[in-house]
Each structure stands twice: as C-alpha cells, then as structure tokens.
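**Q** Model the full structure from these sequences, guided by the hints.
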Amino acid sequence: MIEARDLRKEYGGFPAVEGSTFSVDSGEVFGIIGPNGAGKTTTLKMLAGLIEPTSGSVSVAGYEAGESEMRRRLGFLPEESPLYEEMTPRTYLHFFADLYDVPDDTAAQRIHETLDELDLQHRDRQLGDMSKGMKRKVAIARSLINDPDVLIYDEPASGLDPLTTNYIIEFTSQLAEEGKTIVFSAHNLFHVESICDRVAIMNDGAIVARGDLEELQAEYGETVYYVHTTVEVPESIAKNGQYVRTAETMAEVEATREAAQEAGGSIIDIRTEESSLEEVFLNVADGRDSRAQSGKSTADPSPEV
Amino acid sequence: MRPRKILRIARWEVTKNAGGIDRKTAAVIAVTLLVLGAAAPLVVAQGGVTLDEGFYRVGVDEESPLYPVVESDSTFAVRDPDAELGSDIDLRIRGTQVIASDSQKGQAALAELRSSVGSYNDRVMSAESNQSAAFPVTVTLEYAERNRTTGGTDTLDTNTVGDGTAPDSGTPEDGNDTGPVGDGDSNGTATDGSDGTTPGDSDGTGGADTGGSTGDGSTGGIGGIARGLTGSDAMTGTPSDISPPFPFQSLILAFLFIIPLNFVIQAYGSTMLSERLNRRGELMLVAPVSRGDIIAGKTLPYFLGALLFEGLIAGGVLFLQPDSGSGLYALAAVVPLVLLFLSATFLGAMFARSFKELTFVTVSITVGLTAYAFVPAIFTDVTPIALISPLTVVVRDIQGVAIEPLSLLLSTLPPLFTAGLFFVLGAGLYREEDLFTQRPIPLKVLDSLAGRIHRRRSVALVVILLMPLVILAELVAVAAVYPISMGLPQPIWLGLILLSIVVIEELAKSLPVYAGFVHNRYDRSLRSALAVGALAGLGFFVAEKGLLLVQLLGGLPDVQQAAVVSAGPTAGIGPAVGLLLLLAPLALHVVTASTSAIGMRSGRQGYVVGLTAAIVIHFVYNFSVVMLVV
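Residue numbers (my numbering), protein chains in the order written: chain E, 1 to 305; chain Z, 1001 to 1630.
No lab work stands behind these hints, which were simulated from the structure alone.
These numbers were taken from a predicted model, which means no experiment stands behind them.
Heads up, some of the hints might be wrong.
Claimed, not checked - Stretch-level coverage of chain E by chain Z, calculated; a stretch enters the list once three of its residues show a Cβ under 8 Å from a Cβ in chain Z:
(1) 42 to 51
(2) 74 to 86
(3) 97 to 105
Beta carbons: idealized from backbone N, C-alpha and C, even for Gly.
**A** Next up, the structure:
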C-alpha cells in the first residue's frame, strides 16, 4: 500500500532524513519510533505528500505522493491539531468533506457516526472553546472524513491526559481492525507496541532497525529466565519458600538445574521475561553508540522489509 | 486551478470568518459601511463639506444691491437688518452702507463680504454678452512645456483689445441693477480644471502660443503639471483667478477609492497569516486541492468585497453626477489596483512571522501603495505622471474626462502584472516547508525568488518576471525624483533620475542570482557566476526590449520613455549603428549582472561590493548615452 524508496530530505544542505526505504502492506499498522529530531515527522510528511523529498520516491495506493488521487485516499493527522477555531466541529468537518468531494448527505452521516464513536458531544460549540482532547477528537474525525484507505498519524495522543490517550489508542486500534493501513508515530513505545504490526526505529534521520516485535526482540532485545528451585543454589534468592535464580542464557538455566539436583532438589518453574520495545529501543540506541564509537555506519544496511 | 474548488474554499473562507463575528457586530459593520458608502459620494458630488455654511449672520434688506451677493454666498445667513448688531447679526447692510459689529467676527465677516463681492462681480462680468467690454484687458497665462519651448522659458503673452486703456472696474455697460458692486477686493477661485479644456478667446484675439500643447493633457513636463493644477492649457479671467486651485474633488475621489482597500487588506493579511500560525493551513495542503486553488479561494472573497465596495462608491458618485463618465473605465482600472493591494498583502503575509510583523508589513504596503496610487490621482489632469496610477483613470472617468485606451493600458498593465508577480512569488512560499518556517523577512524574500529557481536558466525567467515590478518602481521613482530635482541643473536632475533607475534595475538583475547562491541552486565557482550573471543580463535585455517594442508600437508617453531610457535611441540612425546600439544594452546588462554575481560568490559583503560596481558601470553607460542623445 505504501512504498518509500531511498527517501532523502535536506534542509539547507543538512540531511533530516536519508536513505529511508520501507513498505507498508495493506491493512498493516506500521510504527515509526525514535528520539526527537530523528526524522519521524519529516518522513510522515513526505509520505503524506506535504514535503517533497530531495531525492527518492513515495507511492501510496499506487499513486505518487502529492497526486490528487493519492490525497483523496489519505487521512493525515499532524502532531498538533491545527483547527479553524472560529468554526464548530460540524462546520469544520463539513468544510473538509467538501474539499474531499464527499456528498453532503454522506458527509453528514459520516460526521455524525464518527463523532459518536469518538464520544464528542459539543458539536456546535466553537472549536476555540474546546479542550485539547476534544480538539484532538475533531482532528481525528477530520482525518476520517474522506473514508481513507491509508492513515498517517503523527503522535496522535501527544499531550493528552491518560484517559483520552487510551481512548484514542483504542480507537486507532479499532481502525486497524477495520482494515485501514496505518503509519503511526509515537513517543510512548507502549502504545506502539500495543497496536503496531511492525516497527521502524529512526535515529539521526536514518532507519537503524526495523521488523516485527519478535524480530526486534530477537535481534536487539534480551530474554531473562527466572528459575524457581526447591533448594538453594548459587546466586539464588529465597522467595515465598522457594529459591529464584535469574539466568540470562539457557546455559545458566542448565547449570542451575544441575546445581539443584546436586543439592537434592529440583526445578519447580522457569518463567521468562521478554524485552519491551522501550528496552529494544534503548539497546538499539546503545548499539548505535557503540557502533558509532567503533567507526561503523549507524545506518541500517539491511534491505527493504 | 479548478473553479469549483476555488469557489468552495471562498465560500468556506466567508463562513469561517463569519463564525468569529456575532450578529450584532455584523449589523454595526454593515450599517457603518452603508452610511459611509452613501455619505462619501454625496460629499464628492457637492464638492466637499461646507463647514462654514451660514457662519456669518448678515442683516440685509432685499432692496440693497448687496443683497444678491449675500444671498448667493453660503457663508452668509440672511437676517433681518433691524436685528441687534453684535448679538443677532455680524453685519448690517442698508443700501450700500455696511456696518460691521465691533468684534473679530464682525471684521472677519466684513472681509468675507469684500471677497464675496469680488467673486460676484467676476461672475456677473463673465455672464456679459460683450466680453470685450466686460474685460477690456485680457491676460492669458499659459504654462508651456519645458522641452518643447524653443525660447527655453515659459511664455506670458499679453494682448489688449478695445481702446487700450487701463481696465475699468466700474459698472457694467448695460447698467444692469444686479451688476457688480463695490470695488471687489476679490479673492475668488479659478476654474476647477476638471475638464482640462481651453476656453480660448471668445473674440478671436488673444493669440497665445500654445507651444504644441494638446489640451487633453497628454504631454508631460512641468508645464503639464502646472496646466493640470490650473485645469486648462490657458486660462482667462480676472487676475485673481490666476492661482492654482486645490484639486479638491480629485483628492476626495482618490481618497474614497483608496481607503476601503486599506481595510480590506487588513482582514486579508490576517486570514493569510493565520493559516501560517499554529500550522492551521497544513491540513488544506494535504487535501486534494492545489495551492493555487487555496490561494485563489482565500483571496476571492476579499477581491470581490473590495470590488463591490469600490463599485458602490463609483455607482454612487455617478448617480449623483450624471454628467460624469460611464464608470466602465473606472471599474476596469479598479481591478488591477485591488489586485495589487491584495497581492502585496499576500506576499507580505508570507514574509511576516507574526501579527506584529504583519502590522509592519501592511502599514508599509498601505503607505507605499497609497503613495503610488493616491498622490498621482490627486493631479489627475497632470498626465502622463498621474497616469502611473490606475486611480487616475478612475478619477478621470468619474469626472467625465475622456480616457484614451493607451492611457488605460499604461495605468493598469504595470500594476496588473506586478500583482501577478507578487502572487506567483507568494505562491512559491505557500508550501509546508516555507509556510510554517520562521525566517527573517530578507531571507523570506530570497526564499520567494529561489522558489522559482531550479537551475541556472531559471534565473533569466525570474528576471523577466520581475520586469513589471521594475517598470512600476521606475515610474514611481521618476515621478518622485523628477519634481524634487527640477530646480537643479539638468545634468544633476537627469543623473538623479538615471541613478534611481539604475539601482532598481541592478537590484532586479542581481537579487534572483543572489537567491540562487544562498539556496545552493548552483555552485559558487567563477564559471557558474559568469553563467548565471550572463543569463540574468540576457533575461533583463529580453524583457527590456520587449517593453521597447511596446513603446515603439504604442507610442507610450514621455514618462515611460524615461523609464526605459537605457533602451537607446530609436530613430534617425543607420542600421549598423542601430544594431550596435541595440546590442550594446545586452552587453551592458550581461557585464553588470556578471559583476554582481562574481561579487556575491563570497557572500553578502561581496554582493554589496559587486552590486555597487555594477551600478557605477550601468550609470556611466546610461548617463553617457542620454547626454549624447540629449
């Protein structure tokens, strides 16, 4: 559904994004994460056709970025909610429906349904008088007014309270279930982890890691084994009448089993704990640093995902 | 651009802004506009506000010969002559005896009466069938055009008729009892100059040498200015008439048409800037509409609003002054003026980083464009200088003065093309990367130029695009420098005019090149600088020669010739010399543009040095050519 090839964007001769190549399948939720200034927003805006790449190409649903038909199939939600505050949600959404050539009756029905789903009540109050969360809901409703195939959401829950944040993340997840293709960026990696099928990690304008969560965990994460025994073994701690030893490799688990047997005991349970995306991200960042110190390239040399 | 999308955006622009105004405010604004729109033409139709109407109370009986004087002057209010002097009346007139109250107002009323008597006498004398008897001595003062006067000085011919005796200011020959009264210490006004026609000599005498003046004011020079001020090629009347009248009606008309535009651009500038602040316009850029649609859609309501208001004013004035023109020329001339104001504001809103800066920008635009449009339009009969402003056409049309199609083109095309240029440059900035970027105004100017430069040859195109602005700036410069420096020796005032033109032209050639360097559109090698400099020079040459062609085909007036003086002589030369003189400006523009380009390779200071050198070279060339020709 989305193809990005060798995307590069320069500002004043300095690259904000360089060499980004990825694709997003239809119905997939693709997350882009990275620290501030990593190039996430620039990448998303190039996908949306807002920014023209210095080099490289983007196509969405088979159309070049910026083409009118491509825009018609796209719903874009920027990090801020830049609304016309003199308008009411209803008039604002009707305005954009008009721009997208949505028939009036269809638009009215779609606005009504979407605002219902988003639980936005004050539909005839001026947008300038609304809370940030309410404005965000209107902005999301606007991104859906043309019933787009592809949604590009930049930090959809940025700066919102936990309740509204959860609501919006759940709503986005629901959109994914409806079959929308979503490219999603967020600082809160828990949100990305909870709804994204695949993730790209960006840093300094380049994609430094990518894949589904398992792949990333396998490559950049760690698995910790908590081995519960009936007898005390070296490096174990007593807990609720049992002894627990933390092992980082299977060899350590095996050594713990042998030690327990020698002591006349046995293993009761082995529990595992995978790295979170946040830990993967930090590991990637650490790895990048170590690679940078060793003089290796920080850009991911791997081919397109 | 798609009209349907434009209309949608325009409709929503109105809806959006309507949401910010409550009904009560909207009603107040509507009533205010209606009152202003209705009152303003009325003021013009009546020739202005008469603040002194009925100011002096005069007790006068109907039998007094001074009664018609008092009755015909709106400054006086007629009262019973038996009323108490001082408290009820300022003057008492019995027969020819005039008594003033012992107060400052009484003395002022007496002075006004003397003045009024003089004016009244002049009117009565002018109505006499035998003008030779009414005005035994006729002095015809004519302002001759400087460059067409062989003697080199203004002429003042006096001719006497009748018995050659000194003028007698006594009673009229026919003994009419309503004839002139008193000694008439006249301070009357001259003809209003609205029609610019020459009354001529009623009895075939006079014989003033008109020096080739056309009477329609189509020739230039200081003689034209004076002629325009006095409203005719040659005036006749009493000596008190020979003083330039204040062009009140032109002033009011020009004021009427220019003021609404200043309000419209405030609202327009705000809406354009608000698209940039907080990234509000970002989502429109993602929608399936082009930026041309967006700009046109957002501009359309303000354009139509301004046009509607100007149309109402023109219609109101025309309704109240049935003898004025059709109004079609006025409307045709208003369109480019409105577009120029809007386009300049649009570009300014693209440059401004905040409403504070926008205020500065709009004030600059208001002052600059008002000076350009308003000041020349006051002197509507002073062609061709006044014709640099489309408002001159508007005022002349309203006044019922004939307008030549060429004059209409001269007045409207430069601002129209300049408006197009401003919109094009502003549209270059109407994209995500520039719209929401906070950069200083000078850098934004360069951004707007660089937005049109993609490769070296783009420089030539941008320089050509700048030509309307160059012409407009040169016309304004000539109009500003010419009257100021007229008292100076010819080489100095000519030099000042040429210098202003040279500076404008060199900036127009070098700024696009500099913008390209700043945005790394080409490398900073000597070869590259020479190439883009040559292209800029070539672009300017092509545009300039195109203009020269128009000048030759259309016979544009002198002021236009002054603006394109560097184009070279056009007649009385052989083909070889003609070709040489045709190509010499090409070499000049290439050399000067390359000089600037070479300098700017090393940055801003280098640009200043290169530009200065280019200006010196260009000035020496122009001055030499003009001195040879003149």
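**Q** Decide, hint by hint, whether the structure agrees.
**A** Verification of the hints:
Only when three residues or more bring their CB closer than 8 Å to a CB of chain Z does the claim for the stretch 42 to 51 of chain E stand; here the count is 5, and the claim holds. Look at the stretch 74 to 86 of chain E against chain Z: 8 of its residues bring a Cβ nearer than 8 Å to a Cβ of that chain, three or more, so the hint holds. Counting residues of the stretch 97 to 105 of chain E whose beta carbon lies closer than 8 Å to any beta carbon of chain Z gives 4, which meets the minimum of three for the stated coverage.
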